[in-house]
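In case you want the letters, here they are:
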Amino acid sequence: MRITSLLSVLVIAISGSLVSAEDPVDYEKQVKPLLRAHCFACHGSLKSEGGLRLDAGQLILQGGDGGAVVVAGKPTESSLLERVGSDEDDLRMPQQGRALNKKEIQLLSQWISQGADFPAGDMPEQDPSLHWSFVAPQKAELPELGDIAWSQNPIDRFIAARHQEIGLSAVGPASPAALLRRVYLDLIGLPPTAAEVQAFLADPSAQAYQQVVEKLLADARHGERWGRHWMDIWRYSDWYGRRQVNDVRNSFPHIWRWRDWIIHSLNEDKGYDQMIREMLAADEIYPQDDDRIVATGFLVRNWFSLNYDIWMRDIVEHTGKAFLGLRFNCALCHDHKYDPISQQDYFRLRAFFEPLEVRNDRVPGGPRLAKYIRYNPGSGASLKPISAGLARIYDQTLDAETFMYQLGDQRDLFPDRAAVQPGVPAFLGALQTPIQEVALPAQAYYPGLKPFIQQHERESRHERAAAAGKSLDTLAAQSDGDSDAETAAVKAAEELLADRIKQAADNQQPRPQALKILQRAIAYWDFEIAVEEEAKASSWLGDRTGRGHRLEVRANGDAAVVAAPAEDWPANSAFHRLPSGRVNRTAAQFKVNSTGSASLRTRQKVILEKPNWSVVAMVRLDKSQLGLQQVVVAAESGWALLASGEDESASQLRLLHYHDGSWQAGAAEPASPPLRLQVGREYFLAASVAENRVQLYLRELGSKAELQLQVIDLVGEGSPPLESMLSIGDVDGTAWWQGMIDEVALWDTALEVDELAALAGTQAVDPQVLAARQSLMKARAKLALQQLPVRHAELELAAAEAEVVAIDARLAADNAVYRDQLAEGTTVEELKKRASQAVRDAAAHSAAAAVAAQQQKVQQLKVAEKPTPSELATAEKELMMLQAQSAAAQQATSEVSSGYDLLSPTYPATSTGRRRALAEWMASRQNPLTARVAVNHIWMRHFGRPLVESVADLGRSGTTPSHPRLLDWLAVELMENEWSMKHLHRLITSSRTYQMGTVAGPQRKMNMARDKDNHNWWRMEDRRLEAEVIRDSLLAVSGQMDATIGGPVQDPAKADTIYRRSLYFSIHPESGGQIQMLGLFDPPDPSDCYRRSVSVVPQQSLALVNSGLVLDVGRRLTGRLTETIAVTDELAAERQFIQSAFLSVLSRQPIEAELEICLAFLEKQRQLFKLTPPVADATTEGAVAVSSDYRVRARESLVHTLLNHHDFVTIH
Amino acid sequence: MKKRRQIDGHCCGRIQRRSFLADIGMGFTGLALGSMLAEDQLAGAEAKSGQSPDGLPHHRPRAQSVIWVFLSGGYSQMETFDPKPALNKYAGKTFQETPFENPLDSPLHDKRSRSVIEMVRDKYSTIFPMQIGHRKHGESGIEVTDWWPHLAGCVDEISFVRNLWTTDNDHAAENQIHTGRHMLDETQPSIGSWISYGLGSVNDNLPRFSVLGGPTRADTRSSFESYYLGPQFSGVPLSLDPANPLPYGKRAGDVLPQQQRNEFDLIGKLNQLSGVEYPDDPAVLARIRAYELAYRMQTAVPEAMELAEETKQVEQLYGLDDSKTKVAGQRLLAARRLVERGVRFVQVYPTDYGRWDSHKNLKVLHGQMSESVDKPIAGLIKDLKQRGLMDDVLVVFCTEFGRTPAIEERGGGTDGRDHHPHGFTVWLAGAGVKRGYVHGATDELGFHAIEPGHYVTDLHATVLDLMGLDGRRLAVPGRKRLEIDHGQPIRDIYA
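Quick mapping for you: the protein sequence lines, in order, are chains W and C.
The numbering used here puts the first residue of the first sequence at 1, with every later residue one more than the last.
The numbering used here puts the first residue of the second sequence at 10001, with every later residue one more than the last.
It should be emphasised that the hints constitute simulated quantities derived from the structure, not laboratory data.
Every residue, glycine too, gets a C-beta built ideally from N, C-alpha and C.
There could be a bad hint or two in this list.
Now the stretches of chain W that chain C is said to cover, found in silico as 3 or more residues with beta-carbon under 8 Å [as the list claims (entries may be wrong)]:
(1) 137-143
(2) 994-1000
(3) 1016-1026
(4) 1099-1112
So that you can see chain C by itself, here it is in the shape it has in the complex:
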């Protein structure tokens, strides 16, 4: 197994990383301060209740990093990873005309389709057949539609969860799958910020929670916000441009490199004197360390984003050589480079805002979108595997909700599917999860997640648990977390 590369003298293999974390401890201003305090023998004395945790996992972690791949707009469960032959059989008939229970009559229906806007959405019931064929793949024989030929070759690496549900019937569901709350409820920190808060990063030279390809729109920011955990735990959007990958990450053009080096040296010296003058100000030490890290970040972040370093084979693996797959490929490849360097949580948007939203013309839209993602995501899995990172990295592949089994007939529509919070499919692969496995199902029509389905926070609980964290122990005093916020890990998919 190939080890992750060394960063600044720290070997970032698994064992070393853990002992590194244990060595430094983490204080209330995060890793930077924590490490300084530990060196100063003050960590124990200054740790305060209600402040951020110590960066140590609560139990043995099965995964070290997460690549959270989010596809905005809502992909159809039926036309991706949960094929439903019954739709073809009863195409054109209404739900009532099938031998199955009418899913619209279920008491769950209204509970799980709450709109932000005070309005009642139309209900559709004329069955729309599957728009693409499907077949079994791999040794596991898992069925995937023909729009995912590359990913189909990886099904034996993946755990599919086919019974997720959410409650927002509109695109604020995009925030809901990240924060666990409906837009009409109180806002909560996003899943990535909980990981960042709970574990920090193993490489301080990079933002511990990085975002690639996002936010996809201004009002989707809360998908990686940290709220009351404090802004240092928010996702940091990184640009794929190595010349300017992060805000203020670049030295001004009229400042000489040596000039800046000298300035950093002077800052360090003066701040040390300030530390002598104000020995009880714990932030002095934190700031000295922050400046040291900042100096290194200036080179580490562009280096991480330098995709040109990759080999031709890797570029092809991710589809960088094809304009259709290039965007998703670059973002996913950058994600791999970040986790390789110790970033805990990388949130990737391979496609832009709402691009999977197929109210009309689903066949064409889903066909194009699948093509743009299929090869790159399969490339990521293969790449992680060949680098021996599948034991360290957990890949989560998700969307905000599924799509209706019925035709969306609004405005005379005949060829699309509406939003569908009642049942949809996500998948996980890599560290800690079963390979070639299907968990849960929707009903014959692909409508309701069959009980017990999983609310989106079950996915959060799974990710936290695999990362060695107990969400309850992370809770911040004075900030009420409900049962539903914590969710239950989907242990059935654990390897």
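Here chain W stands alone, though its shape is the one from the complex:
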């Protein structure tokens, strides 16, 4: 059998090595730790898999369900060795984690062969639920040991008792100056001002310090200082994801409102328990209180758009670590190895949060916001940050189920396992309040009911109506009488045009050749489109016969030209006459597509009697579409001239012929250089077909260059059909021409090149007529422009008034539906219908106003000095769209409905109550962990080190508290004082322990011998300032700090010029997500920072030496201090300056040695500067300039140096 043979190999190996390793094995020191590390998790107090426990000698020998695993003295018979040495994955122990190595197996074998001895007192592991932090803290009696006289502060009693136990002697108090600086930096994160230092030093009374503590605790800056601490623990981060493309993926924009909530909560000394309730469940407990709901930013911060599983995981991990000091996250993949948290417990905790979704509520003064729609994988969509809003969570999926999955891979659900229900691990007690659905007030699930929104929506409409009325009055007053001139101008222009037409008809003298040719044309159209004001989407066409045609646009976008009786003609029907020849008007058909581009297409097949014919057209390309082939002119099934857009300004022309069912390039390639139609120019384009040959001819109007295009020889390819639909602009209705078509003529003969040239040379339209016609159009547009604004203003007012009616109706309906506010004599349904009708009426009015506005725009473009055709075309297109919308809106007013737009998105009307239950449990006095975790964090931030080193793990794998009774006493004290953190701060800062000096002093040798690491607080420790405090202190010292509290995030790139406190600058884990200088001073990792690290590296020195901010601060402070120097004696003045600089920067007086060194330094710098006048630093904008007085400049240099002093960045 395989196992046996394996075992024998193992035994040989072991017995071979035993010869050289006969040292007795120590069970306590060698075996038990090995088993603890690798085996206890499954075979110990947490679990006894297979009935086997290995956490005590007696239990090891006892074996498990399968019998003995260790036979004393007989390694070969001990299956324990077999299992740990197996090379089969299914058999080898431990099943999770690394296999034991040879040395370790050998050790076990040796222990067994030596008799598997263990000491008599060997005890199994304690019941895990009895672990110190899992049992509710009790307030121990204050110890009566130690130096009772030292202090009666309870903290000191615990500390002094320990001192006595170990034989330590506490050092004396810190100097008053050092103490003052310490307590300022600890409580408000800023050093005292020089005046504050002097006042404190001048007041030797015992109460002076206590008064300072009270003052600082009442100072609004206290909330900023401690807010930043809690932001570390609660993982505050502004949004990130892909900042470079403005794509929100993690956290959420405007989460700074949660930051402000933290600051305000601390300042008002809100209980820590209450803060937890609000962060986890304010939306359920206080559903109408937005000031509290912002606290759910704690949950929003963990949000990750791409993968909600990650959101849930981060919530579980950090809720566990931040509030409970437990590493729930370890139990994602397997039962916790140390704490009694099963994998199921992990998912039960997650289930509290499973229904979550984020939302963004409107804030006063902010825009209306749409509902957040969950990211659709694969859509590639990004979520842009919005300008203002309140980011919060809510329960969206009320029946959300949580399923367990394997090994941390959400794709691998445990098969056939029911959903887990929300719950907490048994060892931490049960939920105090059951999970009960919360019926939300209407305002919570329909935020549009909020008074500020209703008020804003009403007032803004009333304001709009008032403004519309005012501007109508103004316009009406202005336009009175003003239109007379325009009316006259129109009349004059009409007369002029009639005159010109008459002249043109009389004088038209085309070149004889051209005339001759034209006379042979079988059909001829000269087009003009005049959009009439009232005609909506119909237009007028004229031809040179003098007849008018109406262009009718049909619903499907088709258009047809129909002859209209003369009496219907518009007044400007100045049409040219066709010189002569047969006219086939009915054969023409227009198509207008939805984008407004047009093409001409013969309605019927043109029957050509002989295979020789020609077509000419004036064309202008208004827009070229990249890649889109546009047919310029084509005979169906024969040949086509294609313009394919190469870029946005030109189209390359190619001649194609139809062969074998598809369009193909001609036998000969186009002439070089490639022929192009340039956007905005007019061309004379002709195609001449003779037998089987097609020739193209192109000339740019106004240019002499003529180009005979290529010739396609159709011999052998089939002849062009004699019956064909002729097109200009499209071939089959799919490829659209975008431009102008004018003057199309068709011949029943193939024209020669010289004939075509002559045609192209003809004045298409008499220039004088053209000019007169344009003048008339302009005059009419001007007249219209005179009238349009008033009309527009009237419509705007009507729309605004309709909106007022509508909002009142909506609010009445909203209040009736959601608030049961119903006036007598009406019904909810009635109010809804009324609101619906009013909304639709208002929409129709608004649409009409929008049309008027656009008409105005179009007319303005028409009268512009230099009209841009594309702009006009776009405007006209827009107008058509608006007209269609207006018609639809008008149509909608006659419908019957009770639907109307709500003032905000709506959300589920109930919440599951899961988080409320969790929060109550977490924030209850019965929870053994919550208060301890908080106290430990607070202690650490006053003393530099916590009472429990592993601040985020108070479980069984965490470290044990250095002062368990003190920790528990403080935890109970916190809870008994309504979880007041200020109470703790007061208690701590008032203790002698806190007020000790940092210098070991005469007791050094004795104390160091007994407690070299100061675990027992026989002295205070020196600490380096946190990154933010360094920058904030610089701002404070400069006297320039902007003390504004709260508000939107500031740009870290501007931190050298915006003097706000550092916590107001954006922080997130991406590049640029922190103030550059702070990045060098161990800033918080916004993803995980339960405790900051502290480093001393040269880059920090470089930052303080070279940063523009530090230079500026130094120069500003120097200027201020210099002004206060009152003495005239130079040496005395310098001494005074040095003293006040020390006081301002380091909060203390210099000692004599420092004074001397600084005086010498000033002298040295003065000598240097005397010789070298300052040069302005061109590289830094807005920087404070170097003083031009060399003496002041030396002082600047001194202050700059003091800002680099070790003591400046240190709390002693």
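Use these hints to put chain C onto chain W, whose structure you have.
Below, chain C without anything else, positioned relative to chain W:
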């Protein structure tokens, strides 16, 4: 063998360096403090458990410095260093139509292609032939594609590892090859920061872990972050501009050099007095030393970045005279100058973010990208060799994942390859590794790394081991490291 140049009086040859480190010891605030404490006879007393290690290697190191060259976007294994003739033979056929096992059926497939986004990626199976020829080179006869003519001349210096795999099917794999964890897992410190944490630098005047050409994008920063090890162990991005190579590394224009010298002197004196006042504050000494180093850094870093000092021949070697190769050449040359001066870990991005990502048009893109890197990287190897630095410096050349043997057919694509975490090639050269050697393989189609392949942390384990470190001994209490984080050194490639 040419020794590395002397810096500030310290001779930085190998033996001297080690004894220098041994002399000073390293305390909990890093090298600067460690050295001061050692002088103050306090090092032993203040060393604390759970703090950074002493800067000494755990075992005899085979390498002193690492140049980690990362090519962002994912180069194709087949078109670089793992040519697959079968792709040409079965071009256009599906995997099923070949005599080989269908790699998409392997249970490994789904395990190793986890996307961050909750979505299922398309699978492609129509074989795309190799887009470039290949041939054998050198005495070792190692096959390299024709896009790497210069590097092909160096194959006898290189150990290729052709069976790496990763699990992220998206570009967060770029972070994964540096940190060892999938983006959906807990974040871990990057490989460079572990080296920085474990060994520090032998030249304090330069950032111990330097980054050139990066980060290539804001969200790729974690590729050189140190997380819980503390920010002093993060990579420091250096600019190639000698006028301003590092943040705050330049004296303000209106501060005179002598003025600043005097200020530094005053800082030192005042801080010494502070040390007298607060003798139990260990940071005073560290800060005095930090200011001394800072003063020197101001000149040492620009000096290291001063590529103009190099000879014409060296410039040509790295392709600085050709606009196509200039960018990669400058970054790699700067890397050589940094390791020469004792920087432990230089992370170089010769190409910008995602530039190797060839979902379409692979032939053109890979051709251009290979050309931009081939000469410079070959230049680096030749340069290290001629300077006798191949015994000291380990070069790692890698990417985040390979590319599919099949055509990426998304959106009608016909000429590109998709992301491919299942098997790809990296290579190592220099200190401690075999020359002219191939380790591991992918299957005939270039799809799966043949078992046992190497997860990315095997590469980390190799680098740490060659540098004399045992990753397990670096672990920080309270910060759980999994088995997979530690990986196994690829000992087969050891010289």
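Among all the numbered hints in the text so far, which are the ones the structure does not match?
-> Number 1 only.
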